[in-house]
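Residue numbers (my numbering), protein chains in the order written: chain A, 1 to 351; chain B, 1 to 252.
To be clear, the hints were calculated from the coordinates, so they are not data collected in a lab.
Subject to a maximum C-alpha distance of 25 Å in a straight line, what follows is the list of computed SDA-like cross-link-like pairs (lysine to any residue):
#1 Lys329(A) with Val123(A)
#2 Lys329(A) with Thr260(A)
#3 Lys231(B) with Trp188(A)
#4 Lys74(B) with Asp172(A)
#5 Lys74(B) with Thr159(A)
#6 Lys170(B) with Phe233(B)
#7 Lys74(B) with Pro289(A)
#8 Lys170(B) with Arg171(A)
#9 Lys89(B) with Lys170(B)
#10 Lys74(B) with Trp151(A)
#11 Lys74(B) with Ala294(A)
#12 Lys170(B) with Ala78(B)
#13 Lys235(B) with Asp184(A)
#14 Lys74(B) with Leu162(A)
#15 Lys235(B) with Arg32(B)
#16 Lys8(B) with Val206(A)
#17 Lys74(B) with Pro160(A)
#18 Lys119(B) with Val107(B)
#19 Lys89(B) with Asn79(B)
#20 Lys8(B) with Trp213(A)
Pair by pair, the computed Cβ-Cβ distance ranges are:
#21 Phe222(A) with Gly34(B): 37 to 47 Å
#22 Met10(B) with Ile209(A): 21 to 31 Å
#23 Ser244(B) with Pro168(A): 15 to 25 Å
#24 Gly296(A) with Gly34(B): 30 to 40 Å
No experiment lies behind these values; they were computed from the predicted model shown. Note that CB positions come from ideal geometry on N, CA and C, so glycine has one too.
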Amino acid sequence: MGGTGDAGGTAGSGCVVCAGWGATLPGKQLCATLYVGESGQGGWRLRGDGVHAHNLTLLRFSKSRRNSGVVGADWPDVTATFCNSPTQSLTGRHALVCYAARVSAAGSLPNPETPRHSAVVRVTHWITVISFFALLISGAEIVISHPRFYWGEVGNVMTPPLFTLPIPASRDRVPTGYGYVLPDQNGWSRYLHFQAAWAVVLTGLVYAISSLWTGHFRENLFPAPADRTWRAFREVIAKYLRRAPPEEAEAHSYNVMQRTAYLIVIFVLFPLVIWTGLAMSPAFDSAVPAAVIALGGRQSARTLHFFVSGALLLFLVVHVAMVVLAGFKSRMRAMITGRAIVSRERTLERT
Amino acid sequence: MSPISRRKLMTTGLAAAAGVAGLTAAARLAERYGLIPPDHGGVYGPGETLTYAAQRLLTTHSLAREFPRSMISKLPFANETPPPNDDFKHHQASGFSDWRLSVDGMVARPASLSLSDLKSFPVHSQITEVACEEGWSYIAEWIGTPLVEVLNAVGLSPQARFVAYFSIDKDWWESIDMADALHPQTFLTWGMNDGDLPVSFGGPLRMRVPRQLGYKSVKYVTRLTVTDTMKRFGKGLGSAEPESGYAWYAGI
Chain A
1 MGGTGDAGGT
11 AGSGCVVCAG
21 WGATLPGKQL
31 CATLYVGESG
41 QGGWRLRGDG
51 VHAHNLTLLR
61 FSKSRRNSGV
71 VGADWPDVTA
81 TFCNSPTQSL
91 TGRHALVCYA
101 ARVSAAGSLP
111 NPETPRHSAV
121 VRVTHWITVI
131 SFFALLISGA
141 EIVISHPRFY
151 WGEVGNVMTP
161 PLFTLPIPAS
171 RDRVPTGYGY
181 VLPDQNGWSR
191 YLHFQAAWAV
201 VLTGLVYAIS
211 SLWTGHFREN
221 LFPAPADRTW
231 RAFREVIAKY
241 LRRAPPEEAE
251 AHSYNVMQRT
261 AYLIVIFVLF
271 PLVIWTGLAM
281 SPAFDSAVPA
291 AVIALGGRQS
301 ARTLHFFVSG
311 ALLLFLVVHV
321 AMVVLAGFKS
331 RMRAMITGRA
341 IVSRERTLER
351 T
Chain B
1 MSPISRRKLM
11 TTGLAAAAGV
21 AGLTAAARLA
31 ERYGLIPPDH
41 GGVYGPGETL
51 TYAAQRLLTT
61 HSLAREFPRS
71 MISKLPFANE
81 TPPPNDDFKH
91 HQASGFSDWR
101 LSVDGMVARP
111 ASLSLSDLKS
121 FPVHSQITEV
131 ACEEGWSYIA
141 EWIGTPLVEV
151 LNAVGLSPQA
161 RFVAYFSIDK
171 DWWESIDMAD
181 ALHPQTFLTW
191 GMNDGDLPVS
201 FGGPLRMRVP
211 RQLGYKSVKY
221 VTRLTVTDTM
231 KRFGKGLGSA
241 EPESGYAWYA
251 GI
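Just chain A, same shape as in the assembly (with noise of 0.2 Å):
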C-alpha cells in the first residue's frame, strides 16, 4: 500500500472505488466518523445526507501502517465534513490511499455530529454504575455475616469451610478469631442489594436491546474481523507496556482489547453474577431447580457469586484506570455529554 493521491485502488465485487466516490455521492455534505481498530486497519463510515452510506475500509498512508488520524477527502464539489469537529471542512486535496470499500446497507446519518457515545449507553452506563456500587457494599455487608465459603450443595459453621475470609463478622455464632462482632447490616444490605439487582437487570436489558436493534454489538463492540487474531492484542498489549499515549483513534473507538473486556462483561461476567445469585433463592430454586443444581448446589452458587463479583470489580479497577491513564477529562465527558474532544493537530495531517 501506499501511494498520494485521490485515486483509489481497485476493488473487487461488492466493492466501491475511491475515485468514483465524487459521482457515486452527490450529496452536498459527507460525515466521516473514523472507528479505527488497531491492527492496522482503519475502518471508515461516510454518510451523506440522502444517501446510501458506504461502510469503507481504509488505509492512511503514514509513518506507521497503524493509523489513527481522519482523513480528509477530496472532491471538487463535495465537502467532508468531520462528525466530531464540525467546524472543520475540508475542500483542498489530500493524500489518501484506499484499498478497499464495501458498500453496507446502513443508513443514513441525518445529524454529522454523531455522538461519542449515544444517549442509551450513557444512561444505562451511569445506572448500572450507580447500581453496581450499591450492590458492591451492600454484598459486602451480606458476607460479612458469615465470611466463610463452601462447596456443594450446604455449609455451616458445623462443616469445613472452603476458605474463610480473614475478617471479623457481624453475627457472634461465627468463629473469626476475632474478639468482636461487627454491627448487623443484613436487613437494608439485602433490601438494597435486590433492589439495584433489579435496577442493572432491568438497565441490562434496555442496554441489551437497544444494542442489538442499532447495532451497537456489531459495530463497537464485536472486533472487527482482522482485529481477531492474537497478533492484535499482542500489539495493544505492547503499546500498553510501553505506556504510550492512546491514539487518536480511540478518543473515538474501542480497541481489540477493550472490545474483548467489555464482550466478556457484557455476556459473562453479568449473566454469571445473576444467575448464581437466583441460584441462592430458595424460592426460584423451588421453580427452576436446574439453576442450583447446574452449579453444584447452593453452597457452591454462594463461592461462584463471590467470584464473579471479584472479578467485576477487578473489572472496575482497571476500567477506572485506563480511563485516568487515557485522559479522564475527556473520557468522562464523552460518557457524560456524548462528545469526545478532538486534537487538531493529529486529526489532519496534509501531505
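Here the structure of chain A is known, so what remains is to put chain B in place on it, guided by the hints.
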C-alpha cells in the same frame, strides 16, 4: 445539540403518558392478584415489590427441592437461641404436654390444638434445606402436619389473604401469603430426622416454610391467625422482621 422537534416532543409525551397509565394499571392488577407485599412502602419498596411479585408469579405451585436421605446433614446447625422465657421453661420441664396451638381469625371453627391433636392429622415428611439469610445452610428431614390440613379442618374463609403465626417469644412473629400457607410443603413441624423436634431447632413446634429463608420458619409456635390484611398486626409491615429492617418476603 439539535433543538427538540415537535415530533420528538409528541412521541416522548405519548410514551410518558403510556408509561404512567401502564404503571397504574400494573399496580391495580398487582393489588388484585396479591402481588404487593405488606412492606411495599419506603425506599426499598419498589425492589421488594418487584421481587415478591416476580417470585410469586414464578413459584405459585412450585415445590422446594427435596433431597435423598443420604444428603441429610450429619451436623445440622441449630442457630440456637436461649429459651425465650419462663413460660417456655415451664413447658419444657413438663415435656411440652400442655403446649397448645391456637387457631383463630377468619376461620369457621377457631380451635386450640395440642401436639397430639396435630399428630392425629395425616403425617407428612420432607427432606429439605434450611437456608439462612446469612449464607449458611443444612439439610434435614422435617416431620409434621401440613398447615393446609389444619386450615381446612378449621374452615378457612375464602377472604383469607395471609396467615400470621406467633412464637412463644413475643418478639418473633411472621406471616405468609396463601400461596405459601396452602403449599403442601409448609409444615407445622414437630419431628426432625426420625425423632422429636429438638428445642434448639424450634421444638416442640416450628413453622417450616421451605421456599423461604430460615427466618420465616418461626420456632416455638403457639398461635396462628388467618386474616385478610396485615395492617392491624404490629406496625402493619407483615411481620416482626420488617420492623427491624428485614424484608417480609424471604424467598431470596
